[in-house]
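Trainee: Same order as they appear, the protein sequences are chains A and B. For what it's worth, this note's numbering labels the leading residue of the first sequence as 1, then goes sequentially. For what it's worth, this note's numbering labels the leading residue of the second sequence as 223, then goes sequentially.
Simulated from the structure, these hints should not be mistaken for laboratory data. Please note: incorrect hints may appear among the correct ones.
To be verified - Some chain A residues close to chain B (C-beta under 7 Å, calculated; not the full set): (1) GLU46; (2) ARG50; (3) PHE98.
Being a predicted model, the structure only gives us computed values, none of them experimental. Quick reminder that beta carbons are idealized off the backbone N, C-alpha and C, glycines included.
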Amino acid sequence: MAWPTTVGGECTSDGRGAAIGAKDRPGNLAGASDQQVVEWAKDGHEPAFRELVRRYERPVFSLVYRMVRDRALAEDLAQETFIKVLNGIRSYRPEFKFSSWIFKIANNAAIDHLRRRELDTLSLDGAPHAQTPEEMQATSLQLGSGQESPLDEVAARELGSHIERAIARLRPEYRACILLRHVEGHSYEEISQMLDLPLGTVKTYIHRGRNELRVYLEGVNE
Amino acid sequence: MVEPLRNPHLTPDEIELWAQGLLGAARVMHLADCGECLTAAERERKLLRDLVQLPRFGPEFGFAERVMAHVRVPTPSGDFGR
Chain A
1 MAWPTTVGGE CTSDGRGAAI GAKDRPGNLA GASDQQVVEW AKDGHEPAFR ELVRRYERPV
61 FSLVYRMVRD RALAEDLAQE TFIKVLNGIR SYRPEFKFSS WIFKIANNAA IDHLRRRELD
121 TLSLDGAPHA QTPEEMQATS LQLGSGQESP LDEVAARELG SHIERAIARL RPEYRACILL
181 RHVEGHSYEE ISQMLDLPLG TVKTYIHRGR NELRVYLEGV NE
Chain B
223 MVEPLRNPHL TPDEIELWAQ GLLGAARVMH LADCGECLTA AERERKLLRD LVQLPRFGPE
283 FGFAERVMAH VRVPTPSGDF GR
């Protein structure tokens with residue numbers, strides 16, 4: 001995607017960018033490190049905000065989507081994540097990787113949603129719209145047992161493969177660790193920071209998650 | 223079965239390293255003699271490959287605009303431009 005405010009590697013003056021001294025003006029947003037782009041964003045350079053969205057919209061959306069398995073909801077949670085991150089950009093601590101910070105907030109948003117959903121299920125003994133005992137039973141089984149929820153047509157196409165379905169069966173904590181480690185490529189230490197979990201717990205979750213995935217997938221292949 | 227002390231089975235961490243091509247040669251040698259570890263390691267490598275190859279999904283068109291509509295861009299003086 002091309003950004004209209006970035007021309008030939010030089011940012012055009014847009015009123016905000018013009019407030020930045022010429023020596024500090026971003027020369028090449030696409031080639032800059034995350035830390036540098038964040039510094040430009042802190043200085044009020046709007047294209048730097050857009051560059052952070054461009055870099056992370058797909059990885060953040062993918063993580064959240066695989067956590068909640070609902071496209072519209074994932075989009076809302078991803079949007080909420082970016083708004084929180086970008087409005088709090090001045091509180092970002094550069095000793096941490098920017099990617100760790102944004103994935104931490106995205107994962108928290110997804111986990112909070114899954115917990116709220118589980119509470120709704122447990123407290124009402126079925127989904128809120130359930131009227132009859134049969135409906136209550138059907139919806140509580142659907143949402144409360146850790147089984148996959150039904151997918152719409154697009155999600156079924158995108159998340160319907162054996163490996164995606166196996167990931168969906170993992171408990172959320174394992175799923176987050178597996179996705180951050182093996183899909184996004186973060187180190188155990190980074191995941192430990194992101195999820196506020198001891199390093200040993202992260203390793204345990206990842207090993208157990210991989211074991212469960214192998215069992216699910218072997219069942220499919222037999 | 224008791225493992226030979228000088229050539230124990232690979233740990234899960236070592237299997238992950240092997241699957242990534244990062245395990246030291248001395249430990250890789252174990253796989254030549256141990257069918258059990260080799261089977262486990264090959265299963266692990268296939269799983270990791272499947273995970274790495276998962277596609278990245280994108281949000282609907284206009285996502286950045288929807289985000290930026292809610293973002294307050296700071297000015298150099300420290301307050302917010304909007």
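Trainee: Would you settle whether the hint for A/ARG50 is holds or violated, based on the nearest Cβ-Cβ distance to chain B being less than 7 Å?
Mentor: holds (6 Å)
Trainee: For the restraint on A/PHE98, tell me whether the closest CB of chain B is nearer than 7 Å.
Mentor: For A/PHE98, the interface hint is violated, since the closest Cβ of chain B sits about 16 Å away, which is over 7 Å.
Trainee: Hey, does the A/GLU46 contact hint survive, CB to chain B under 7 Å?
Mentor: holds (5 Å)
Figure legend: structure checked against the earlier numbered hints; the only hint not met is number 3.
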